[in-house]
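**Q** Sequence:
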Amino acid sequence: MQILLLLCLALGARYPQPLPLSRCRGCSAEHFFELLVRANADRLDEVIRRLQHDLVSDELYAHLMGALGTSANPYAELFERHIPSASRMDYFVYASVMHVLTEGMVMLISQPTGTALGYSLTVKELGDSDLTNYLYQFVRDAAIVADANSFKGLMIPGVPGFLAAYSVEARHIATYLHDALSGVPDAFTDSLALAEYIEKSALALGNGSILPTEALFKYVSEAPREYPGPYLTGTRFTYPFSLMFASTGPGSYDGEVVFSNGTVLRRLNPLHGVWRIVQTDGLFNTTNPKRSDFRITQLETALDAALNPTSSSNDLYNVMRTYPFRTETTPLLALFTEDEVLADAQLCISIKDAARKPVACSDMPPPTNWFCVLLSLVLAGGVIALWVIGVISARRLERYERLRKENPEQELPPPDFLCCNRKTIKNCLRPRGRSE
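Residue numbers (mature numbering (1 follows the signal peptide of the UniProt record, and there is no 0)): -18 to -1, 1 to 418.
Hints may be right or wrong, so weigh each one.
[Claimed, not checked] Dumping the calculated DSS-like pairs for lysine-lysine here, alpha-carbon to alpha-carbon at most 30 Å:
| no. | residue 1 | residue 2 |
| --- | --- | --- |
| 1 | Lys106 | Lys200 |
| 2 | Lys334 | Lys106 |
| 3 | Lys387 | Lys334 |
Derived by calculation from the structure, the hints in this document are not laboratory data.
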């Protein structure tokens, strides 16, 4: 019975769920990439076909095929090798879509033992809500935490490198954000259509640019003693678009957000009481916070109200699970500290106000498990049947005892005989030689 109940509970999918942990001692970027592509080849093949059908036009596909069909890229070659229906050009399109259509959000929190980094990944909402939900579910179900002992990082199959990573040797945590506020030519703006962003990113990757995820892997692999900002910015790497990099170190108040050109945007500062930073791809206005991206001011206010110098990682993680750090299309959250990485797949449903605008995101109840329902009905029926049998048996035993006391001189049948009817029992009690 206990085994059946445990099986019933195990079959019910509940969220949040810890992301799978993949350990590989001394693995290279190519090895982790190949490992995930090989394990998710069928899923990736389905995603590629879905993107070709719903997002990438035939004209754009043909244009990119002509421009990138022979581009030399180790990740594109691995992509082509392990996914039978995919070409190397499909890698450039897929990687570009995942880069353009997902956006990060970060929290940098100074603590007595160091500076923590909270990370949220969200799939941008498209006009086609079915495609948005499809990509959200794919990322939620396929993302992992890669662990090579010297570093840990979040990975998506088919995308080289890490969304966010921690270097054990350098003792630094780093991630990236889209840049929609610097105003430089390569920043994310509304001036380009989605297809143009995908085309621009794919062409850049085919001509030597790298994704910020790959740069993060190089940083944690080489584990330089320098802060992540100088390593990831400047002229060392060429990215398809302008970016922001958020990073933290081992000390208190050890965190900053910098643009990919090296300009510092924000930095934790004990002298000015700046102990927490929330950063999106949007505007943060230091002179007039009310003109900032509302998500920044809303979440920083929530941190001020919920946390204090003695707060634990669980307290911070609870704030991370609130709206708008977590939305309906947020597949994963991760909290990086020097001691641990908490990374969970997420599922929640929006709660909207009278104007139909989201104001919160509530955990979904677990899906109905019909095996559990059937098992519950069977158990309930069994309990009722046993109760009825017990009541009947008790009454028969009570009748037997009463008859035995009323007729002490008569030899009564054993209690098992009470299954017979009342008339049979009376016949047994009647003196011999006397008939009815």
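**Q** Would you mind marking each hint as holding or not holding in the structure?
**A** For each hint, the structure was consulted:
A C-alpha spacing of about 27 Å is found between lysine 106 and lysine 200, which places the hinted pair at or below 30 Å, so the restraint holds. Among the hinted pairs, lysine 334 with lysine 106 is consistent with the structure: their alpha-carbon atoms are about 18 Å apart, no more than 30 Å. Distance check on the hinted pair: lysine 387 and lysine 334 sit about 74 Å apart at the alpha-carbon level, beyond 30 Å; violated.
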